[in-house]
Amino acid sequence: MREALRLASDAAPAGDVPVGAVVVKDGAIIGRGSNRTVRDQDPTAHAEMVAIREAARSLGSWRLGGCELFVTLEPCAMCAGAIVLARLDRVTFGAWDDKAGMAGSVSDLLRHPRLNHRPEVVPGVLADECGSLLRQFFGEKR
42 MREALRLASD AAPAGDVPVG AVVVKDGAII GRGSNRTVRD QDPTAHAEMV AIREAARSLG
102 SWRLGGCELF VTLEPCAMCA GAIVLARLDR VTFGAWDDKA GMAGSVSDLL RHPRLNHRPE
162 VVPGVLADEC GSLLRQFFGE KR
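First residue of the sequence shown: 42, per our numbering; consecutive thereafter.
Worth flagging that the hints you see were computed from the coordinates, not collected in a lab. No residue lacks a Cβ here, since even glycine has one placed at the ideal position from N, Cα and C. It is possible that some hints are incorrect.
[What the hints assert, rightly or not] Listed next, with one range per pair, are the computed distances between beta-carbon atoms:
no.: 1; residue 1: E181; residue 2: R159; range: 35 to 41 Å
no.: 2; residue 1: Q177; residue 2: L126; range: 31 to 37 Å
no.: 3; residue 1: V163; residue 2: A118; range: 16 to 22 Å
no.: 4; residue 1: G68; residue 2: R155; range: 28 to 34 Å
no.: 5; residue 1: P54; residue 2: N157; range: 36 to 42 Å
no.: 6; residue 1: I70; residue 2: E170; range: 16 to 22 Å
no.: 7; residue 1: A69; residue 2: P164; range: 21 to 27 Å
no.: 8; residue 1: E181; residue 2: L126; range: 30 to 36 Å
no.: 9; residue 1: R155; residue 2: R176; range: 18 to 24 Å
no.: 10; residue 1: R43; residue 2: H153; range: 29 to 35 Å
no.: 11; residue 1: R128; residue 2: K182; range: 33 to 39 Å
Throw the hints in and build the complete structure from the sequences for me.
This is the structure we're talking about:
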């Protein structure tokens, strides 16, 4: 989660919401990402999506079984869908997202009983630090 926090802090200077993510397999980081929606002008360039894409390239497979995603903010619907489709084993996130979170805040797509894959979800890891980055970013925008 510390590496995800470091990546999150890289996003803000470019005007992107400070969210960072890493994908880990067997204790090694195989995918890294920070929000790039503003930098890339790409609505799908969320930190999770960037990290998942890099992990898939690293493994040479879109199936990420045996992998864990660490992300500083609760995943949105798009990212939760990608997590399920990639078959990640576990998602560990920091701050809750009361406006768009799909791991228990707004809804719980990650653990929806009708889906064919449901990753383990570990919420609230370093939540204060993750939330602080977001509050600072949005405080400066206002």
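Now the hints, each set against the structure:
Range check, E181 to R159: about 37 Å between beta-carbon atoms, so the 35 to 41 Å window is met. As the Cβ distance of Q177 to L126 is approximately 33 Å, the hint placing it in 31 to 37 Å holds. Look at V163 against A118: about 20 Å separates their beta carbons, and that is inside 16 to 22 Å. Look at G68 against R155: about 33 Å separates their beta carbons, and that is inside 28 to 34 Å.
For P54 and N157, the Cβ-Cβ distance of about 40 Å falls inside the hinted range of 36 to 42 Å, so the restraint holds. The given range of 16 to 22 Å is respected by I70 and E170, whose C-beta atoms sit roughly 19 Å from each other. Restraint check, A69 to P164: a C-beta distance of roughly 24 Å satisfies the suggested window 21 to 27 Å. Between E181 and L126 the CB atoms are about 35 Å apart, so this pair conforms to the stated range of 30 to 36 Å.
The hinted range of 18 to 24 Å is not satisfied by R155 and R176, whose Cβ atoms lie roughly 35 Å apart. Checking the proposed 29 to 35 Å range against R43 and H153 shows it holds: the Cβ atoms sit about 30 Å from each other. Taking 33 to 39 Å as the suggested C-beta distance range, the pair R128 and K182 conforms, at roughly 36 Å.
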